[in-house]
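Enquirer: Here's the letter readout for the chains.
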Amino acid sequence: MSRSRTDIVLVWSLRGCAALAGAIVLLIVVFLVLESLPALQHVGLARFFTDASWQPSEGLYNLTPMLWGTLFAMAGAVLVATPLGVLSAMFCHYYAAPVVARFYRRLIELLAGIPSVVYGLWGLVVLVPLIGSLHPPGPSLLAGIAILTIMILPTIALMADAALANVPAHYLRGASALGLSRWATIRGVVFPAAKSGLFTGVILETGRAIGETMAVLMVCGNVVQTPANVFEPIRTLTANIALEMAYALGDHRAALFVSGLVLMAVIVVLVAGAERISKGRVYG
Amino acid sequence: MKRLWIRLAFTLFLLAGCSEDSAQDKLVLTGSSTIAPLVSEIGKRFEALHPDVRVDVQTGGSSRGIADARQGLADIGMASRALKESEGDLLAFTIARDGVGLIVHKDNPVIELSDAQVVAIYTGKIVNWKDMGGNDAPITVVNKAEGRSTLELFLDYFKLKNTVVKAQVIIGDNEQGIKTVAGNPNTIGYVSIGTAEYDASHGVAVKLLPVDGVAASTENVRNGSFPLSRPLNLVTKTEPQGLAKDFIAFARSTAAEAIVKKQYFVPITH
Amino acid sequence: MAEVLSRPAKSDWVPTLLVWMAVILVTTVFVWLISDIVRHGLTQLSWEFLTTAPQDAGRAGGIAPILVSTLLILGVCMAVSIPLGIGTALLLAEFTSVESIFGRLVRRSLDVLAGTPSIVFGLFGLAFFSKTLGLGFSILSGGLTLACMVLPILIRATEEGFRAVPPDYRLSAAALGLSRTTTILHLLLPAAAPGLIVGLVLGIGRALAETAALIFTSGYVDRMPESLLDSGRALSIHIFDLSMNVAGGDANAYGSALVLLVLLIVINGTAVWLSEHWLHRKIIPL
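Residue numbers (the working numbering), protein chains in the order written: chain A, 1 to 284; chain B, 1 to 270; chain C, 1 to 286.
Everything labelled a hint here was simulated from the structure, so no lab data went into it.
Computed from a predicted model, the values in this text were never measured in an experiment.
Hints may be right or wrong, so weigh each one.
What the hints assert, rightly or not - Dumping the calculated DSS-like pairs for lysine-lysine here, alpha-carbon to alpha-carbon at most 27 angstroms:
id	chain 1	residue 1	chain 2	residue 2
1	B	26	C	131
2	B	159	B	130
3	B	130	B	161
4	B	237	C	131
5	B	106	B	125
6	B	106	B	261
To be verified - Footprint (simulated), chain B over chain A, 3 or more residues, beta carbon under 8 angstroms:
id	stretch
7	56–66
8	122–131
9	136–147
10	212–222
11	235–249
To be verified - One-sided and incomplete, this derived list gives chain C residues near chain A with beta-carbon spacing under 7 angstroms:
id	residue
12	23
13	91
14	156
15	176
16	179
17	275
18	276
Glycine is no exception: its CB is placed at the ideal position from the N, C-alpha and C atoms.
All chains should be built: construct the whole structure from the sequences, respecting the hints.
Expert: Pasting the structure below:
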């Protein structure tokens with residue numbers, strides 16, 4: 001490939017873009033660390049996991065129940081949304097007439113843009129009383145998982161849809177020529193070919209699930225406890241920051257930033273784990 | 001130096017989107033989201049009376065309002081509570097009062113609870129409505145998030161500490177509380193009286209309970225007979241001057257009373 | 001695509017059933033949600049609603065200044081994130097090998113960014129854009145914060161789009177002696193358009209849906225903004241305030257939500273139309 005002047009300029013400006021994009025996360029982490037310093041100094045990191053409970057007015061800062069809340073809600077939502085999303089994408093490509101597929105795709109694109117407040121409001125007014133009539137109180141982990149699933153579904157569905165669209169047509173023709181059935185083609189040819197797109201979709205949806213604030217604030221009950229079953233209320237770390245940041249001063253405020261750092265740590269662990277699992281095999 | 005370059009770059013970027021800045025006076029208020037709609041409306045009326053003045057209202061919570069007033073980041077802070085002792089270096093000007101009342105679902109047969117019963121419910125000693133003559137159903141207790149002045153008022157009056165309160169649902173804003181109680185027939189919670197009065201009269205399925213025999217209504221908050229009420233304050237660091245002084249005076253004047261009433265708060269007595 | 005695959009085998013009824021069940025479930029929930037919004041919000045829609053300012057704390061009047069603020073914030077967000085996003089995606093897809101450390105670092109940091117909570121973005125935006133860079137409560141500050149949020153989605157989706165372009169395109173271009181720049185601008189970008197559009201749609205969706213990040217940066221003021229440095233209330237914040245903070249604001253909250261839906265349909269429709277009729281037409285698929 002030729003290396004003209006424009007090419008060199010291009011490569012360096014692209015490197016600049018990427019460096020800028022990558023630097024944002026660094027800035028955010030630095031910001032979080034700076035704001036958490038008072039709490040880390042006065043309270044110490046260990047107490048964030050060993051104190052009796054989360055009662056900042058009494059000087060107690062245990063984050064663990066809320067961490068469980070976040071993880072359960074996220075895991076539940078991803079476990080439900082991923083199959084639904086992938087199945088939806090399969091529907092659009094291999095099971096539906098093009099007109100139907102188009103309408104369905106537009107529907108999902110629409111849902112990607114509905115504000116979290118609207119989801120939360122709908123959850124509060126429709127879903128929570130429904131769950132409450134099954135098993136009080138209503139605001140619960142289940143409500144959180146349900147709302148989060150609906151919210152992250154468009155991400156995985158649209159990314160999976162794009163991934164499936166990128167499978168080269170001659171793969172499908174080859175499979176058809178070999179006499180493979182529809183499901184066998186999807187399972188054996190399409191999924192392996194689309195795996196990088198599917199993987200990206202899962203990462204993006206997990207990120208959205210962990211980071212969601214407003215909707216879970218409205219439907220999860222916000223009680224600081226480790227849930228024993230899905231009908232119990234929980235408080236996620238994000239909802240905690242949103243609830244208390246407006247009224248927190250001093251160490252309490254810094255403690256909320258520590259919880260932000262913990263969230264980032266969780267994401268870093270998940271991302272590193274995903275990288276380990278894929279071992280670069282994804283981007284072959 | 002670097003900051004200067006960054007600012008220059010952004011200014012260039014902005015020139016595309018900027019119009020000429022006319023000589024305008026700006027007043028910035030930050031703080032409680034409870035008061036924000038009220039102050040926003042007062043601000044609009046003030047702007048109509050004083051052209052070339054802009055009143056910008058931002059939210060962020062009572063603590064933010066107080067911190068910003070102290071640090072000079074805002075001209076006036078908004079706080080939905082009285083100032084604490086540690087905030088003695090600031091000045092507070094009350095522009096309205098807000099009562100806090102207990103709400104239950106409209107269809108709940110219970111129409112009154114004694115103070116002792118409320119304490120028992122909130123500490124988890126009574127867990128079923130039938131113990132008070134209601135239906136045989138578990139009580140869902142709704143409490144407010146820590147730091148909110150409504151919570152502090154509630155705990156203060158019933159002499160409770162937040163650590164002993166056993167709640168099934170914790171809410172942030174008033175409307176969240178109303179919607180939670182309206183959605184579950186066995187819930188009990190507490191919210192701003194004005195909000196509850198409005199919603200109840202517009203068909204939302206909640207009703208207010210009297211406290212200590214006194215009916216929960218904005219009228220009773222106004223005449224002082226209702227025990228649970230909080231002041232809504234505008235906070236400044238120093239004696240207000242100029243625009244801030246005019247604005248605060250306007251907000252406390254009878255001209256603003258109609259606006260206060262329209263937002264379902266209780267006007268201050270003159 | 002459906003016509004390419006051969007008829008299903010006997011055991012294929014299980015996946016087929018699952019697919020249809022999933023679609024029916026998803027469609028039911030979404031139609032339920034959207035019909036709720038339409039039902040409650042339709043009565044509020046009118047020309048006055050779209051062109052007048054809010055009155056009585058938003059209970060009456062319209063949402064004109066809020067619509068303008070929202071579009072401005074979206075504009076700033078897209079103006080910053082699209083070039084940055086496409087540039088980064090290009091670099092990751094075309095100019096770095098899979099094992100390159102720089103590429104891996106950038107990709108991982110973007111994944112972490114994708115998982116950062118919206119409220120952390122809000123607080124960061126407040127500290128960095130509003131305080132450190134001195135922008136204060138402003139549309140610019142809000143737009144830049146949103147750009148940070150939207151960037152990972154945009155980049156990853158666009159990168160997937162580039163990866164999907166067959167290597168033949170690049171090899172043919174090299175054989176013809178085209179420079180990398182020309183190859184990218186005239187061949188790869190149009191070919192990768194579908195991935196780009198997905199990223200754009202997801203990104204715009206996320207930007208319009210965001211509440212927590214904007215409360216602290218572009219603010220609460222519901223006046224018609226006169227410059228990018230003015231504070232402006234976004235549609236999502238207006239909906240939040242009306243439904244959670246203002247008694248009796250529900251009706252207009254639903255009305256605003258409905259307007260947001262319509263806005264989304266228009267924007268998404270435009271993006272897809274652009275992709276199909278403009279970018280993609282430049283390339284005839286093999």
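Enquirer: Now look at each hint and say whether the structure bears it out.
Expert: Against the structure, the hints come out as follows:
1. For the proposed pair residue 26(B) and residue 131(C), the alpha carbon gap of about 18 angstroms is at most 27 angstroms, so the pair holds.
2. Of the pairs offered as hints, the one joining residue 159(B) and residue 130(B) holds, with about 25 angstroms between alpha carbons and a cut-off of 27 angstroms not exceeded.
3. Only pairs whose Cα atoms come within 27 angstroms are accepted, and residue 130(B) paired with residue 161(B) is accepted, the gap being roughly 26 angstroms.
4. This hinted pair checks out: residue 237(B) and residue 131(C) have alpha carbons roughly 21 angstroms apart, not beyond 27 angstroms.
5. The straight-line distance between the Cα atoms of residue 106(B) and residue 125(B) is roughly 24 angstroms, inside the 27 angstroms bound, and the hint therefore holds.
6. Of the pairs offered as hints, the one joining residue 106(B) and residue 261(B) holds, with about 24 angstroms between alpha carbons and a cut-off of 27 angstroms not exceeded.
7. Look at the stretch 56–66 of chain A against chain B: 3 of its residues bring a Cβ nearer than 8 angstroms to a Cβ of that chain, three or more, so the hint holds.
8. Counting residues of the stretch 122–131 of chain A whose CB falls under 8 angstroms from any CB of chain B gives 4; the rule of at least 3 is met.
9. For the stretch 136–147 of chain A, the proposed coverage by chain B is satisfied: 4 residues have a C-beta within less than 8 angstroms of a C-beta in that chain, meeting the threshold of three.
10. A stretch counts as covered by a chain when three or more of its residues have a beta carbon under 8 angstroms from one of that chain; for the stretch 212–222 of chain A and chain B the count is 4, and the coverage holds.
11. Counting residues of the stretch 235–249 of chain A whose beta carbon lies closer than 8 angstroms to any beta carbon of chain B gives 9, which reaches the threshold of three, so the coverage claim holds.
12. Using the Cβ-Cβ criterion of 7 angstroms, the hint placing residue 23(C) at the interface with chain A is satisfied: the shortest such distance is roughly 5 angstroms.
13. With a least beta-carbon distance of about 4 angstroms to chain A, the hint placing residue 91(C) at the interface is held under the 7 angstroms criterion.
14. Taking 7 angstroms as the C-beta cut-off, the interface hint given for residue 156(C) holds, the closest approach to chain A being about 5 angstroms.
15. The beta carbon of residue 176(C) is not positioned within 7 angstroms of any beta carbon in chain A (closest approach about 11 angstroms), and the interface hint is therefore violated.
16. Because the closest C-beta pair between residue 179(C) and chain A is about 5 angstroms apart, less than 7 angstroms, the hint holds.
17. A hinted interface residue such as residue 275(C) counts as satisfied when its beta carbon comes closer than 7 angstroms to some beta carbon of chain A; here the least separation is about 11 angstroms, so the hint is violated.
18. For the restraint placing residue 276(C) at the interface with chain A, the shortest Cβ-Cβ distance is roughly 11 angstroms, beyond the 7 angstroms limit, so the hint is violated.
Figure legend: structure checked against the earlier numbered hints; hints not met, in rising order: 15, 17 and 18.
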